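In case you want the letters, here they are:
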Amino acid sequence: MDWPVVWLTVRLAAVTTVLLLLVGTPLAYWLATTRRPWRGAVEALVALPLVLPPTVLGFYLLLAMGPDGPLGALTEALGLNGLVFTFEGLVIASVLHSLPFAVQPLAVAFAAVDRSLVETSWSLGRSRTQTFFRVVVPLSAVGFLTGSVLSFAHTVGEFGVVLMVGGNIPGATRTLSIAIYDRVQALDYAAAQQMALPLLVASFLVLAAVYSLRRRWAQPWPIGF
Amino acid sequence: MADRILSVRFEQRYASHVLVAARLALDFARGPVACLFGPSGAGKTSVLRCLAGLDRPSAGRIEFDGRVWFDAAERTWVGPQARQVGYLPQGFALFPHLSVAGNIGYGVDGGGALRRARVSVVVELLGLGGLEERRPHELSGGQRQRVALGRALARRPQLFLLDEPLSALDMPTREELRTELRRLLIELAVPTVMVTHDRSEALTMADQLALMIDGRVRQVGAVDEVFARPADADVARIVGADVVGRGRVVAAGDGLAEVEIGGRRLLAVADAQIGAEVQVTVRPEEVMIIAGDAGGQLSAQNRLAARVVAIGSLGPLIRLELDCGFRLRALITRPAREGLGIHLGAEVTAVVKATAVHLL
Numbered sequence: 001m002d003w004p005v006v007w008l009t010v011r012l013a014a015v016t017t018v019l020l021l022l023v024g025t026p027l028a029y030w031l032a033t034t035r036r037p038w039r040g041a042v043e044a045l046v047a048l049p050l051v052l053p054p055t056v057l058g059f060y061l062l063l064a065m066g067p068d069g070p071l072g073a074l075t076e077a078l079g080l081n082g083l084v085f086t087f088e089g090l091v092i093a094s095v096l097h098s099l100p101f102a103v104q105p106l107a108v109a110f111a112a113v114d115r116s117l118v119e120t121s122w123s124l125g126r127s128r129t130q131t132f133f134r135v136v137v138p139l140s141a142v143g144f145l146t147g148s149v150l151s152f153a154h155t156v157g158e159f160g161v162v163l164m165v166g167g168n169i170p171g172a173t174r175t176l177s178i179a180i181y182d183r184v185q186a187l188d189y190a191a192a193q194q195m196a197l198p199l200l201v202a203s204f205l206v207l208a209a210v211y212s213l214r215r216r217w218a219q220p221w222p223i224g225f
Numbered sequence: 001m002a003d004r005i006l007s008v009r010f011e012q013r014y015a016s017h018v019l020v021a022a023r024l025a026l027d028f029a030r031g032p033v034a035c036l037f038g039p040s041g042a043g044k045t046s047v048l049r050c051l052a053g054l055d056r057p058s059a060g061r062i063e064f065d066g067r068v069w070f071d072a073a074e075r076t077w078v079g080p081q082a083r084q085v086g087y088l089p090q091g092f093a094l095f096p097h098l099s100v101a102g103n104i105g106y107g108v109d110g111g112g113a114l115r116r117a118r119v120s121v122v123v124e125l126l127g128l129g130g131l132e133e134r135r136p137h138e139l140s141g142g143q144r145q146r147v148a149l150g151r152a153l154a155r156r157p158q159l160f161l162l163d164e165p166l167s168a169l170d171m172p173t174r175e176e177l178r179t180e181l182r183r184l185l186i187e188l189a190v191p192t193v194m195v196t197h198d199r200s201e202a203l204t205m206a207d208q209l210a211l212m213i214d215g216r217v218r219q220v221g222a223v224d225e226v227f228a229r230p231a232d233a234d235v236a237r238i239v240g241a242d243v244v245g246r247g248r249v250v251a252a253g254d255g256l257a258e259v260e261i262g263g264r265r266l267l268a269v270a271d272a273q274i275g276a277e278v279q280v281t282v283r284p285e286e287v288m289i290i291a292g293d294a295g296g297q298l299s300a301q302n303r304l305a306a307r308v309v310a311i312g313s314l315g316p317l318i319r320l321e322l323d324c325g326f327r328l329r330a331l332i333t334r335p336a337r338e339g340l341g342i343h344l345g346a347e348v349t350a351v352v353k354a355t356a357v358h359l360l
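Residue numbers (this note's numbering), protein chains in the order written: chain A, 1 to 225; chain B, 1 to 360.
One chain only, chain A, in its complex shape (with noise of 0.2 angstroms):
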């Protein structure tokens, strides 16, 4: 097993996860309320990486970071570093090709959310956001844990994105994907097995005690009561 590559896919699906639930909770919870005629196409923008190829959101990241591009131009006006290439430009790629699977479970959960508890909480002089945090969070933790997993799940299976915007760069762009790739170019199917079945072992326990804990999350609180 290649650690350094595991270790770098973990560290890129886990700071993604992160960025997507600080992101998408906002994103979700204007979603799920909000009654603005545009809602629609947000929420297009939103679901857009679930269509389109990776490559050709890929292919649009690589010419906006590249130092043409609006993004290349920002990092070099800030004295920064390119993005192309580099571990952080593959968290922003990962990000916006991950959106909806942390944005849509969170949308579903906050809608689900009875409205006269929140409500009944502005009424006992709780402001908007101190509901959101004491109510709609807790009762939305089935929504938080399928999307952190999704999320999770989604960045380390990625490969299209990763190899546009990324390529294969040992110990900066070198994931477990484009890894297993690269060992079955090279026809060291040994090596590849190696990655693989590990991998695909891991994400079905993942998914098998999501799905069990999400039905155990769901008996303390029938709705409608």
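Keep in mind that the hints were calculated from the coordinates and are not lab data.
Just so you know, not all the hints are guaranteed correct.
From chain B, some residues computed to sit far from chain A (all C-beta separations above 12 angstroms) [to be verified]:
(1) R151
(2) M171
(3) S200
(4) R229
(5) R303
For each label pair, taking beta carbons as the anchor points, the in silico distance ranges come out as [said to hold, decoys possible]:
(6) A:E43 to B:G141: 38 to 44 angstroms
(7) B:G141 to A:R36: 37 to 43 angstroms
(8) B:S58 to A:L199: 34 to 40 angstroms
(9) A:L22 to B:E11: 56 to 62 angstroms
Everything numeric in this text was worked out from a predicted model, so none of it was measured.
Note that beta-carbon positions come from the ideal geometry of N, C-alpha and C, so glycine has one too.
Guided by the hints, dock chain B onto chain A, whose structure is given.
Relative to the frame of chain A, chain B by itself:
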């Protein structure tokens, strides 16, 4: 709470259509419990939500205890957090992830010690001792109602807003809790506006009544006043005062009126003009039944020879349909029916006081 007056005058529009137009003033010195009463879809909950600050009216003004909560012209708006109301939505909306103690302490500001002290006072007051660590789904309907009241109470509200507080409960519990809730509200002495569509609930719970039909407040007053003297035929239909039929005033004076209806003459306490066409209403509870023939005419009392044309059951009571030239309904108890030997076609005397005959 001598000067706790709730003054409401607002419109709720959708597009340019007026959905709810509320105009009422409640003085809680006349009693702590006011009911918003009317059929489903009359806009009672909308009014309550505007009072709680959860919906914003399109125009008008809401004022309570000298404080302006909403004024469209002055652009005044006090949000739900700042109104100090104890709002109970339908179904109570207890926080399912918190214990009974967690729910009750939810709105209490200040440190843990203060909160614990306040919670234990409320738990004691509402008889919830021993249930502090339970979750809402482990409670009975009546306990949930008390926890929801306690949660609102722990914040020391100036006004309770209860939306159908008894409708989530099972029938036997509901009737028990009606009396208990009323006793509790009087004991707490917190002015209360309570929404109900249940006539007997309004009758037993309320001191004052605001009656709503089709988004409009149609009559406001003491509960007995509204039930005994409905302002018009719609209100009369809702409060259940039976409209006996249309009659004509044949004599009037000294606050008394004589009405001709179905070939009979009825005496009513009312100011009316001779020759006026009126709707005559008599509430079934106000009709007394005597066996046999009519005796002598007493002053201010109507004695009508009647024949029983239908007998029905209404819960614990018997509902009689009488023909005495016009249709009259009466409610009697089962023992009374047996004592009077009432059967279909029986000849009886219906006695109705002049004060119980209303002209609309």
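Quick rundown of the hints versus the structure:
Not every beta carbon of chain A lies more than 12 angstroms from that of R151 of chain B, the smallest distance being close to 7 angstroms; the non-interface claim is violated. The non-interface label for M171 of chain B is consistent with chain A: the shortest C-beta to C-beta separation is roughly 18 angstroms, beyond 12 angstroms. With a cut of 12 angstroms on Cβ distances, S200 of chain B stays outside the contact zone with chain A, its closest approach being about 26 angstroms. At roughly 35 angstroms, the least C-beta separation between R229 of chain B and chain A is larger than 12 angstroms, which holds for a residue marked as non-interface.
Distance check on R303 of chain B: its Cβ is at least 54 angstroms (rounded) from any Cβ of chain A, clearing the 12 angstroms threshold; non-interface status holds. For the pair E43 of chain A and G141 of chain B, the beta carbons lie near 39 angstroms from each other, so the given range of 38 to 44 angstroms is met. One distance hint, 37 to 43 angstroms for the beta-carbon pair G141 of chain B and R36 of chain A, holds here, with the actual separation near 39 angstroms. For the pair S58 of chain B and L199 of chain A, the supplied restraint of 34 to 40 angstroms is violated, since their beta-carbon distance comes to about 59 angstroms.
Hint check: L22 of chain A to E11 of chain B, Cβ distance near 43 angstroms, so the stated range 56 to 62 angstroms is violated.
Hints 1, 8, 9 from the list above are not met by this structure, while the remaining hints are.
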